[in-house]
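Next come the chains, spelled out residue by residue.
There are 2 protein chains.
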Amino acid sequence: MREVAILGIGQTPVDEAWDKSVREIAGEAVFAALLDAQRERVDGLFVGNMLSGIISKQEHLGALVADWVGLRAIEAFKVEAACGSGAAAMRLAIMAVASGEMDSALAMGVEKMTENKGTETTAALATAADADYEAEQGLSFVAINALIMQRYLHEYGWKHTDFAPFSINAHANAVHNPFARLRDPISEKDYQRAKMIAAPINLMDASPIGDGAAAAVIVPADSLPELVYGRPRIRIAGSATATDSLAVHDRRDALWLTAAELSARKAYQQAGVSPADIDFFELHDAFSIMAALSLEACGFAERGQGPRLGLEGVIRPDGRLPIATRGGLKARGHPVGATGMYQIVEAVQQLRGEAGETQVQDARIGMAQNIGGSGATIITHILRRG
Amino acid sequence: MREVAILGIGQTPVDEAWDKSVREIAGEAVFAALLDAQRERVDGLFVGNMLSGIISKQEHLGALVADWVGLRAIEAFKVEAACGSGAAAMRLAIMAVASGEMDSALAMGVEKMTENKGTETTAALATAADADYEAEQGLSFVAINALIMQRYLHEYGWKHTDFAPFSINAHANAVHNPFARLRDPISEKDYQRAKMIAAPINLMDASPIGDGAAAAVIVPADSLPELVYGRPRIRIAGSATATDSLAVHDRRDALWLTAAELSARKAYQQAGVSPADIDFFELHDAFSIMAALSLEACGFAERGQGPRLGLEGVIRPDGRLPIATRGGLKARGHPVGATGMYQIVEAVQQLRGEAGETQVQDARIGMAQNIGGSGATIITHILRRG
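Residue numbers (the working numbering), protein chains in the order written: chain A, 1 to 386; chain B, 1 to 386.
Hint data in this document are derived by calculation from the structure and do not stem from the laboratory. Using N, Cα and C, we set each Cβ at its ideal position, and we do this for glycine too. None of the hints are false.
In the DSBU-like style, the derived pairs of lysine-lysine whose C-alpha atoms are separated by at most 35 Å in a straight line are:
(1) B:K117 - A:K57
(2) B:K117 - B:K195
(3) B:K189 - B:K159
(4) A:K117 - A:K189
(5) B:K159 - B:K117
(6) A:K117 - A:K195
(7) A:K57 - B:K195
(8) A:K117 - A:K20
(9) A:K117 - B:K57
(10) B:K189 - B:K117
(11) A:K266 - A:K159
(12) B:K57 - A:K195
(13) A:K117 - A:K57
(14) B:K266 - A:K57
(15) B:K117 - B:K20
(16) B:K20 - B:K195
(17) A:K57 - B:K20
(18) A:K195 - A:K20
(19) A:K195 - A:K159
(20) A:K57 - B:K57
(21) A:K20 - B:K57
(22) B:K266 - B:K159
(23) A:K266 - B:K57
(24) A:K20 - B:K117
(25) B:K159 - B:K195
(26) B:K57 - B:K20
(27) A:K57 - A:K195
(28) A:K159 - A:K117
(29) B:K57 - B:K117
(30) A:K117 - B:K20
(31) A:K117 - B:K117
(32) B:K195 - B:K57
Pulled from the structure, derived: some chain B residues nowhere near chain A, Cβ distances all over 10 Å:
(33) E40
(34) K159
(35) P178
(36) L182
(37) A199
(38) P232
(39) R235
(40) R364
All chains, please: the whole structure from these sequences, using the hints.
Written out as structure tokens, the structure is:
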């Protein structure tokens with residue numbers, strides 16, 4: 001299997017794009033990525049998307065986007081793994097190029113989800129959970145996460161406000177990201193006073209949905225010099241997926257992301273690194289509780305000690321393990337099927353040294369982790385500069 | 001890239017399975033395939049599905065099915081390419097094993113679509129077409145195919161009844177397939193008297209929808225001897241996808257399946273064969289006009305001459321190029337996201353010599369072609385015995 005690298009990246013601002021159809025949003029990210037890669041064509045296209053069939057009444061996004069961006073005839077598929085669809089597209093593009101089936105591929109994620117009534121979107125998002133045993137019982141996605149967070153607070157003795165640093169850090173970083181949805185900093189008081197959604201999750205624990213797309217051009221690593229167009233080459237050092245039950249109640253431990261642990265462990269092994277070698281971590285902070293659970297499952301914090309990393313400042317851009325460096329899901333926004341590709345794009349920005357005010361100093365190895373559902377599909381990528 | 005082979009196959013009867021959820025239908029096919037392969041585990045799972053999110057309110061089928069069949073933790077994704085989703089899963093499983101990322105993978109397709117009101121299913125199927133420029137105008141999927149067939153009759157001077165042999169052959173073959181949805185033979189009179197749906201397409205030109213799943217276990221070819229469990233090894237000799245515009249009006253020629261031509265040509269080249277070498281062809285006869293267009297685009301008939309192969313008996317099991325040997329979409333049934341995998345399963349049956357009364361004599365090389373939309377995604381596989 002040959003090693004692969006990321007030659008170009010592109011993204012659209014996460015926003016409410018009522019004037020654009022799903023293909024137009026996708027096209028903007030693809031054109032930006034091709035321009036960045038200085039390529040006009042690729043051999044294949046993998047589109048991560050979750051909700052287009054339900055919300056835009058448009059399936060078949062592989063061929064649709066390929067045609068729209070002027071690449072009619074190339075091989076193209078849509079892949080879906082709920083909110084993990086973006087990184088799923090990345091996984092498949094990596095396999096396609098690694099296998100030799102393709103010499104270049106576009107991995108992208110796109111989602112358009114703000115045009116409908118909120119209740120419709122809530123119902124659409126519930127399709128990520130177990131329809132027969134969770135959604136059918138009236139559990140929305142935020143409710144599932146609220147149950148997990150409530151149990152976590154009870155089990156480990158944290159106060160709700162101990163989660164504030166995750167939200168404050170994400171918002172502070174998004175201020176400097178022109179593609180972020182929420183660019184206002186928030187204070188601890190803002191966090192405490194935020195409107196309750198599903199106790200104990202308040203508005204500042206939850207990420208905003210949005211419309212957006214992000215894309216990356218994947219090529220064989222040995223086809224590139226270490227410096228490409230004056231920028232460091234970015235290689236995929238690790239790439240792995242693990243799954244778990246959709247329903248939280250089917251897991252042995254509702255407070256442990258087994259699929260995060262398994263996929264991270266495999267990715268560390270592939271990259272020949274340990275958690276201590278990771279310079280920054282773009283994690284899936286769809287809810288603040290998920291940030292804590294990811295940090296624990298990936299070996300950055302002891303079980304039940306995730307919030308400590310926030311309280312001790314470890315997660316800030318100048319800390320030992322910066323997270324959500326461009327705003328994370330919490331403030332960059334969470335266009336569900338696109339999120340995993342935003343994480344990849346942001347990791348590349350950091351490794352190239354293009355992250356501006358929130359640049360992690362001398363970032364050499366970055367990790368991105370995308371979660372589908374409440375932890376049923378978890379995909380981990382480790383990227384390396386040089 | 002290493003060559004891959006199919007070790008095991010499984011399928012469920014295409015039917016109205018109101019008593020089973022989508023995961024249960026999927027599980028039946030997976031268990032059958034694992035049993036046939038004499039394996040308990042695989043490294044990965046690719047689920048082709050189009051409509052589960054819309055009809056069953058259940059996305060995230062990769063992790064869901066993996067968990068249901070006792071393979072929790074393995075890498076698993078859903079892939080979608082409209083009615084081409086089944087073969088899309090096959091493509092990705094092939095790439096995953098060929099790349100070395102996995103040493104074994106399950107490719108499967110599943111669809112559950114009979115429980116809803118017919119109008120809901122018609123609307124759901126229209127998401128395969130261009131939502132903004134076709135479906136929005138009120139064009140249903142059968143209407144799109146009716147426009148194509150009407151133009152074909154006009155352009156090439158055929159009568160509607162000239163398409164009867166496609167339907168008669170499919171029904172005659174399905175009589176002997178225990179997994180087929182419609183197992184009654186039909187006569188030319190039945191064809192002529194069938195109820196009109198969207199002129200000139202009548203009920204006998206159209207395939208029935210259904211609930212069903214089909215699966216195959218993919219492994220490296222060199223891991224198997226030429227005789228496995230007393231059955232011939234089945235290798236993937238060719239595998240290719242091409243795309244086209246979703247909207248028919250965006251194509252240069254509404255009567256030519258460019259993506260069929262391109263993907264078939266690539267598959268022939270990979271396999272080192274020409275159309276004359278193909279012993280049978282499991283084609284995508286969702287509508288009889290599609291059978292004619294596929295035969296032409298793949299080089300089995302001259303442009304505009306597809307119906308001749310039916311009229312001359314070429315397509316029957318004892319003809320020069322048997323098609324729809326187990327009933328095809330027309331009579332085995334068309335559970336949309338599963339269809340591509342049914343074709344693969346049926347091709348393996350033929351190559352193993354397990355096709356019973358419709359066995360093609362000394363079948364060595366078989367082709368399967370799965371179409372998404374009205375020709376926007378077309379995936380061609382060539383399978384070889386030995």
